[in-house]
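Q: Residue numbers (numbering that gives the first Met the number 0), protein chains in the order written: chain B, 0 to 718; chain G, 0 to 718.
Treat the hints as calculated values from the structure; they're not laboratory data. Just to be clear, a hint being listed does not mean it is correct.
[Claimed, not checked] Straight-line Cα separation of at most 30 Å, DSS-like style, residue types lysine-lysine; simulated pairs: (1) G:LYS51 / B:LYS660; (2) B:LYS55 / B:LYS26; (3) G:LYS387 / B:LYS560; (4) B:LYS51 / B:LYS560; (5) G:LYS51 / B:LYS394; (6) B:LYS394 / G:LYS556; (7) B:LYS394 / G:LYS570; (8) G:LYS556 / G:LYS51.
[As the list claims (entries may be wrong)] Under 7 Å between C-beta atoms, here's a sample of chain G residues computed to sit facing chain B: (9) LEU209; (10) LYS212; (11) ALA397; (12) LEU405; (13) ALA410; (14) MET413; (15) TYR427; (16) VAL519; (17) GLN521; (18) LEU525; (19) ILE528; (20) PHE544; (21) ILE551; (22) VAL627; (23) VAL678.
Positions of the beta carbon are idealized from the N, C-alpha and C atoms, including for glycine.
Number of protein chains: 2
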Amino acid sequence: MEILLIIVAIAVVLAIAYAVFNFFSVKKMEEGTERMSEIAGAIRIGANAFIKYEFKLVAIIGAIIAVLLAAFISWQSACAFVIGAVMSASAGWVGMKIATYANVRVTNRARETKDLGKTLKVAFKGGSVMGLCVAGFALLGIIIVYLIFGLACGQIDDIAAGTVQKYWTNLDASFTMTLSGYALGCSVIALFNRVGGGIYTKAADMGADLVGKTEAHIPEDDPRNPATIADNVGDNVGDVAGLGSDLLESYVGAILSGVILACELFLHNAGFDEDFLTKLMLFPILLAGCGLLACLVGIGYVLVKPKLSSNVHMELNIATWISAGLSVVAGFLLSFFMFKGDSGFYDTVGWNAGNLSPWLASVFGIAAGIIIGLISEYYTSYDHKPTKRIAEASKEGAALNITQGLSNGMASCMLPVVVLAVAIFGSYMVGGMYGVACAAVGMLSFVAATVSVDTYGPISDNAGGIAEMSGLDEDVRGITDKLDSVGNTTAAIGKGFAIGSAALAALSLMTSYMYAFTGVGQEISLDIITPLTLCGALCGAALPFLFSGMLINAVAKAARKMVDEVRRQFKEIPGILEGEAKPDYKTCIQISTQGSIKEMRVPCILAICFTVVSGFVFGAQFVGGVLVGATISAIMLALFTGNAGGAWDNAKKYIESGGLKGLGKGSAAHDASVVGDTVGDPLKDTVGPSLDILIKIMSTLSLVLVVIFSEYNLFGLFM
Amino acid sequence: MEILLIIVAIAVVLAIAYAVFNFFSVKKMEEGTERMSEIAGAIRIGANAFIKYEFKLVAIIGAIIAVLLAAFISWQSACAFVIGAVMSASAGWVGMKIATYANVRVTNRARETKDLGKTLKVAFKGGSVMGLCVAGFALLGIIIVYLIFGLACGQIDDIAAGTVQKYWTNLDASFTMTLSGYALGCSVIALFNRVGGGIYTKAADMGADLVGKTEAHIPEDDPRNPATIADNVGDNVGDVAGLGSDLLESYVGAILSGVILACELFLHNAGFDEDFLTKLMLFPILLAGCGLLACLVGIGYVLVKPKLSSNVHMELNIATWISAGLSVVAGFLLSFFMFKGDSGFYDTVGWNAGNLSPWLASVFGIAAGIIIGLISEYYTSYDHKPTKRIAEASKEGAALNITQGLSNGMASCMLPVVVLAVAIFGSYMVGGMYGVACAAVGMLSFVAATVSVDTYGPISDNAGGIAEMSGLDEDVRGITDKLDSVGNTTAAIGKGFAIGSAALAALSLMTSYMYAFTGVGQEISLDIITPLTLCGALCGAALPFLFSGMLINAVAKAARKMVDEVRRQFKEIPGILEGEAKPDYKTCIQISTQGSIKEMRVPCILAICFTVVSGFVFGAQFVGGVLVGATISAIMLALFTGNAGGAWDNAKKYIESGGLKGLGKGSAAHDASVVGDTVGDPLKDTVGPSLDILIKIMSTLSLVLVVIFSEYNLFGLFM
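I would like the entire structure built from these sequences, with the hints used as guidance.
A: Here it is as structure tokens:
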């Protein structure tokens, strides 16, 4: 059965080859005028400098974790951790690299051709490198771990033979720990990339806006604004590198939560044979592999089609639909043929739809992802009532704009959660808890396509910035703006997938967690009414709030430094606002880099240490509560911040596009909407995505440590 | 043992008599100048009109609920519901009445004596009427229900005899349903009073501020502002009547959750005798009664002391400490003597500290309440860093003020939750789940004193408004401002008690809920990892967000109407801003009244119907999840909104008091801080307090209905 992994291997090779091809095909394009090259170069240098700085910090923390894993869990787990970290870091790094090459080439293509479709192709080619690398690297790492530790080191055989011990001294035999180690590696990098990049980009963005737009009344990306290069660097390190590591982590989390759960189900129920175990373990990986093949077709559609129409949104949708549709078909075939004839085991895993159970569950996931995305679009696009209402409220000033946005964001939590609940319940009904994991994998099976689409947005955004700064024609900027605005909508939908899959993956990891400290043959259960679990749930629910509060504070702190610097330059460098003197971009870049590196530490370390410490102090039941509370409250906060932020952003755009009769740019209503947009920035781009990672890193970490702290905790010693 | 209720009866009689005495002693004071009388009259008429309007709506909904209770639960439950509703409505109504008499008399006392202590006495005398009525009416109702239905109708005997049936057709025998009915009556009124009053007061306040302060740059309470009378009416209907019903509901909820839990423990464990059951049922009521007697002393201290010092905060603290201290002593004596010799039963109820268990648990509650209050003070008072940071951020404009406030509010959730968790765990350890209920009662045992303090705040606020509008000397306003500012601090602490006790009461109601559908002899448990419960928890957690979003939207909608009207008047009535023409106050009052009555309906009905509908569709396990999810997420949101709102308010005050060197009123930083204050207003005064009620009304309602929907639900029919 393992031979099927060849499909995944082929997918990985093709994806990475295609990514390499696209990378160089973008790189060899012309950069345009000298001024354009110069600006793009500055952005590239800034982005590289940040990543270097950041990776130094991450390397230290990663090394500490790896040593601890090797010492207390197993060397296999530590190795897998390092592999995961390398994969995640590489995906982010490659994505950022290509984005800093592609941006200026997009501008140049727009300048040369004035054609939307042709420009889209360059931007999307850049994005596709990232999309393909995310899925390719993630699966590459999984295959390596599976082949080396699972097969060659015999860890899967140990599980099949049931020789895995519950106690941590014998733990080096457990494959689940190795897989968790890999997931943890991806999570740690994702956390730092997302948080660091998020702080960087929003500090620069807010700093640039607060003084530039609000005080000096100069447009966005104006070269007179000293923070403008830093702002564009931010797009690359936050929205590209951060997003890449983030989605790689989600993807890995979803896949491995299924694989790990398969092991736990086998160990605890012993109601099925080794062959079925292998199938359960392979299915999520194979589904992802087939999804990646499907994405090659979908991405190829956009890149190969001779003439793209000017309806950008439709072209991208077609690419996504092709990828999603083929994934569904492939999933059906996989499920149908792999599990045919295993009917004796269906009851053990809770399958109520025969051999189609895992496929049906994955379809629940895909459907939920799409619906949650559409709901996000409803709440954030200015074609619909909620965002229009925020724009209307701006007439009454900034306070009502904010109030209306908060109201909108809070009210937007219910519908997506109901959809998520239906998906959980539905996938559980057809496929048991394993079905819930399959739903998560389903949601992300065509991640290569969605990341490509998500990445082309910030590339176009940057391209627009370069056009503005190089003083190119209005119509160049017009083309990049159109690309960017479609990117905003697709980003909102992408967020739906991110939070939905995070919730499902966290849930199935939590189930594995419960299994890990429950005796064989016993039912797992987490009684929330017992005081220890309940207290855990309360503290856990407060954690995402504390984490978010810290992140917002970090952004605000860094942004204020930026504001002071921009103000200083406006005051001290004469002629800067008249365009006669050149602002000092470098200092602003330094402020963003140092500020974000400094500010990211505490929230990231909190995220990692909270579960560890509470596990060793209060034990496994408490941490179970923590995970439930944190997951539930993080889902709400992620939806709230994402939708509120998106709606504020678009309410501003609605006013700019003339949605409020007679009130355009420069009106009081527009000023009010800029305040809302600025408030929303860190919420939607720093806090929301980081919360997705938070809940997964917490559940992965608990899963790794539970076998230790369920035996050794302070509370257990004294009570 | 029931003879001990005489203590409670004495406390009730004394409290109400003292309230009546204070009422008339305030009313017979002089009102001052004709202008003052006129303004106070307008406020009084406006407040009365709103309450009349509101009670009409509430009467209809109350009648519907009462009929449904009588038809499907029991006539006793319906009667108790009506009694509860009457008690809660009366407390709110009396409080509002006295507040609208006391406000002008406070102004006049300040005008005549220019003495802070003497003015405080009038304000506090007004507040004490409300404080005494809240506790007095609540206990009066409980005694009536206990004597008539519990003893005279023999419902307690039925429980003692174990003849209570689980099935709803025989339900008319259950005392727990009757008690729940009473609690539900209080909750429904509290919900409408809080939500309606909250929308009214904040719509008027925001409307007045947005145009008056921000656009026309006239001070607060300036008579030229057409919304100013409505704003002052709002203080009375929101901060007085709303607060009164709210705290009465918390008080009743805490007490009855203990009494109901006692019944459920008896029915399900059958490990103790009837005498011990009676004691368990009486203890929370007696503790509250003794607390009320203690408050009579504490309140008397302020009112009887010949010369109050000018350190207002200290004088009020002494009153509170006397009340709290005596309550603790009385609780000790009660616990020690009542439960002496019952050691055989301690294990059954999980008491680990012998006959002092319930007392120790109540002390946990009191300590937690105080600490949570102090934490709130830390996060909201401008003597401390968080609020100062918001003020500092205002220098960078409104966006960073808002961002910093959000960050502050989110980060402020963790510490109070940890304290709450410790209280839950501690009280559970010493007294089992009954201990948790005792902790809730402990927290609120001296509610008469805290409500008196809480109510004197808005009375002083109103007094200041009247001084401003009547054109009195600056120093009169100075005195009322000082009183008001102390009121703000005590209000923040009061909020800590409100949310803390709500959480504890909801928890113990939830435990009763679990018992109500669990078979005798079986352990109760709510496994959060099962999909139905988990989906319930997810949807439940989204509910407070939806509810809050709707409330904020309601305020914003009503406020925008007010803004339009004020702008219209400024434009259409010539000479209004020069003080030559009189604005049309009445229209503004009408807008607030109609707006709030209209906007309160949907969120209130949602709060009531959500649990009912989900119970009849998905059954008891789902609702169990809903209650857990909603409680957890409501606690976070209540802390977040309360602390963020309070901090924004005080950041503005900090700037006004010259905290930022060189930047006072009229500076850009001050303008930014006004935006924050306006955003925070509906969060802290409408959303936060309403969430406390939401979680209790949900658990009470579920408790009433669970015996029906655990048998009859759509999901059960089909699965």
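Q: Give a verdict on every hint.
A: Here is how each hint holds up against the structure:
1. With a CA separation close to 41 Å, the supplied pair LYS51 (chain G) and LYS660 (chain B) exceeds the 30 Å bound.
2. Our distance criterion of 30 Å between C-alpha atoms is met by LYS55 (chain B) and LYS26 (chain B), whose separation comes to about 27 Å.
3. A distance of roughly 17 Å separates the Cα atoms of LYS387 (chain G) and LYS560 (chain B); the hinted pair therefore holds under the 30 Å criterion.
4. Restraint check for LYS51 (chain B) and LYS560 (chain B): the C-alpha separation of about 22 Å stays at or below 30 Å, so the hint holds.
5. For the proposed pair LYS51 (chain G) and LYS394 (chain B), the alpha carbon gap of about 34 Å is over 30 Å, so the pair is violated.
6. Note on LYS394 (chain B) and LYS556 (chain G): the hinted pairing holds, with a Cα-Cα distance of about 13 Å set against a maximum of 30 Å.
7. This hinted pair checks out: LYS394 (chain B) and LYS570 (chain G) have alpha carbons roughly 17 Å apart, not beyond 30 Å.
8. Using a Cα cut-off of 30 Å, the hinted pair LYS556 (chain G) and LYS51 (chain G) holds, with the two alpha carbons roughly 22 Å apart.
9. With a cut of 7 Å, the hint placing LEU209 (chain G) at the interface with chain B holds, because the nearest CB-to-CB distance is about 6 Å.
10. Contact between LYS212 (chain G) and chain B, as hinted, is not supported at the beta carbon level, the nearest pair being about 10 Å apart and thus beyond 7 Å.
11. Against a cut-off of 7 Å between C-beta atoms, the interface hint on ALA397 (chain G) holds, since the closest Cβ of chain B lies about 5 Å away.
12. The beta carbon of LEU405 (chain G) comes within 6 Å of a beta carbon in chain B, closer than 7 Å, and the hint placing it at the interface holds.
13. At a threshold of 7 Å, the smallest CB-CB gap from ALA410 (chain G) to chain B is about 3 Å, leaving the interface hint in force.
14. For MET413 (chain G), the interface hint holds, since its Cβ comes within 7 Å of a Cβ in chain B; the closest pair sits about 4 Å apart.
15. Annotation: interface hint on TYR427 (chain G) holds; nearest CB of chain B at approximately 4 Å, less than 7 Å.
16. Checking VAL519 (chain G) against chain B: minimum C-beta separation of about 18 Å lies over 7 Å; hint violated.
17. With a least beta-carbon distance of about 13 Å to chain B, the hint placing GLN521 (chain G) at the interface is violated under the 7 Å criterion.
18. Proximity of LEU525 (chain G) to chain B holds as hinted, the smallest CB-CB distance being about 5 Å (cut-off 7 Å).
19. Among the interface hints, the one on ILE528 (chain G) holds; its C-beta lies about 5 Å from the nearest C-beta in chain B, closer than the 7 Å criterion.
20. Interface restraint check: PHE544 (chain G) against chain B, minimum CB-CB distance 4 Å, threshold 7 Å, status holds.
21. Contact between ILE551 (chain G) and chain B, as hinted, is supported at the beta carbon level, the nearest pair being about 4 Å apart and thus within 7 Å.
22. Given the 7 Å rule on beta carbons, the hint for VAL627 (chain G) holds: about 5 Å separates it from the nearest Cβ of chain B.
23. Look at VAL678 (chain G): its Cβ gets to within about 5 Å of chain B, closer than 7 Å, so that hint holds up.
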